[in-house]
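Colleague: Using the sequences and the hints, build the whole thing.
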Amino acid sequence: MNLHYVIKELYHRRRRTIVSVLGLSIGVALFLILNALSLAYREAACAPLTEIGADITVQRAGNVPEELAGAVFPCSALTIRREEVNKIEKIPGIRGVGQAVLIWVFDPQRAWIVLGVERDNPIGPAILRSFVTEGRFLDDGKSEALIERGYARQFGIKLGDNVSVAGRQFPVVGLVDASRAPKIAVANLYLPLKEAQDIAASSKPLQSVSPFAPGDVNLLFLKVDQQQITAAAAAMKSILGEKATIATPESFLKLLGSLFALSDKFTMAASLIAMLIAILIAFKTMAGNISERTREIGVLKAVGWTHRNVTMQLLTESIIQCFAAGILGILIAVIVTFGLSFMTVNIPIPWEMSPTPHFLPGGGEQLYKTLRLPVHIPLKLAVFALLLSVLIGGLTGALLSSHISKIKPSEVLRHE
Amino acid sequence: MNNADILVGTNLFKRFDNLEVVKNVSLRIKKGEFVSLVGKSGCGKTTLLSLLSGLEQPTGGKVVLNDKEITSASEEELALFRRAHIGFIFQSFNLIPTLSAWENVALPLFPIKMASDQRHKRAVELLEQMEMGHRIEHLPAALSGGEKQRVAIARALANHPEIVFADEPTGNLDSATGAAIMIILNELHKKQGMTMLMVTHAEELAETADRVIRMKDGEVIA
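Residue numbers (our numbering), protein chains in the order written: chain A, 51 to 466; chain B, 28 to 249.
Read the hints as simulated data drawn from the structure, not as lab findings.
It cannot be assumed that every hint is accurate.
What the hints assert, rightly or not - In silico DSSO-like pairs for lysine-lysine, Cα to Cα no more than 30 Å straight-line:
{"#": "1", "chain 1": "B", "residue 1": "LYS148", "chain 2": "A", "residue 2": "LYS58"}
{"#": "2", "chain 1": "A", "residue 1": "LYS458", "chain 2": "B", "residue 2": "LYS57"}
{"#": "3", "chain 1": "A", "residue 1": "LYS456", "chain 2": "B", "residue 2": "LYS50"}
Because the structure is a prediction, the values reported are computed rather than measured.
Modeller: As structure tokens, then:
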């Protein structure tokens, strides 16, 4: 193999070289872009959960409260008993559990959406501590409250005021900017979990619909091993019954409805078809190039090139073209995905996960988590595409050259 | 085989399908001899040259070239043998269109382990010998017919061959250019003692050789 000769061949037959390199590079780029989009939609679908530090959220639906007075549970989040939580904690793959209590409180002056949070648990609504814009987060063991900033402004509630919720007084120690906070488990008023559990346990209207003991909750946030999410979700369903609402990245992906989000198989099939078409274009161009050079190969053999010499020459030409196509394909894919990364994606939040009652202003609106499509080409995928491209070059070159280099020089030089 | 014989063909036959192109040909060529093989088109002279040079295997008979029987050699062995001992000049030059003049000359040297500057030096020397020193970087498309054949002759000499086979070396050239090429071939023979077997259909060119072998209908007639 003579690299000087290889480069000259590719340079002087540049039209064919460009066609085969471009053909394959477009295939490589499509392969990368389709897979990157699929990964991006999957990553985006995880966003509503990851921003609250969880992989799965769990609720249980039930009956609507008979009367909207005092503290009640939303019909989408009824009691999850202590013993059920204990069973869930023991499911294989569960790495951590966050708990919360969501209550609607209809006081004579105003309605509250109250969320009881575990102050020190990084899984679940305690993540709100980074969205406190005034004052401070909840202190350990104290009976105090955080108020959503917009709600506080609407009702003239200030830092240091006392608010009355279900007949209990709470000093306001901080304001939370909910517009930047996670879309799941937002509320007007945030209390320590224990305080919310006490309100729920002492509410007769709530107890009449969904019996609640002081250790119970009605929202669970779970960290789960990625490979065991589906199995864990199924196990939870069997513990909590058919009315359990288990939100997983997969369920958000289904809500997105994009072709890229629907199935790995679709992406794999589409990208492989793109790659296959590109391979055929490259193969046809390279085959045309080699068959045009039958006479040249006869000359090489006449002047003493062996079958191996000729094969190595053609193989190297093919591998170099495909390597260049791989690099160009990666560049094209990086540029296209950079453009696509400016796209935004709206992930619908299911109504049962929306904390606002549908009969209150804004409560009936579909909630979305809006984010920029997190599309990028993973290094491993790029390396795989490059190796695949070189492999295609090697196989194409080997196939074409092994056939053509068997030609006897006399066969092509006979008919001068 | 006589010590002075570099090439001996014995009872050579070549058949393509039902057509016998070479019929029981035997010949000997001595080292340093310039032999021309003359005959009308289609008489089998190019096929005989292919058999004698190892480009083609005979249907019958044997060829001994430089003390090696090449009729029983494999394709790989033949390629290596041609690389080491034989130079070829073709009617239609057969230069590689993407390589410059010097690269075409160096073509037989590419598969050999050799420093690239040595390869370049050898190619340039040969081109200068062919009075082509001013055209070393030109592609074949930029050369005239006579210049192309000079490059082809230089390529045939690149590997220091012991015998050069020339197949109608002036066939694609006008008479003046053809005559100049014949002068070069004769000088190679006379000054460097190169053994040559030249196929031609032109009697006047054949007569410039030391010996003329005439063919008709696949047989040597004189």
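Colleague: Hey, LYS456(A) versus LYS50(B), does the alpha-carbon distance stay inside 30 Å?
Modeller: holds, 28 Å
Colleague: Below or equal to 30 Å on CA atoms is what counts here, so check LYS148(B) against LYS58(A).
Modeller: holds, 19 Å
Colleague: LYS458(A) and LYS57(B): Cα distance at most 30 Å?
Modeller: holds, 28 Å
Checked against the numbered hints given earlier, the structure satisfies every one of them.
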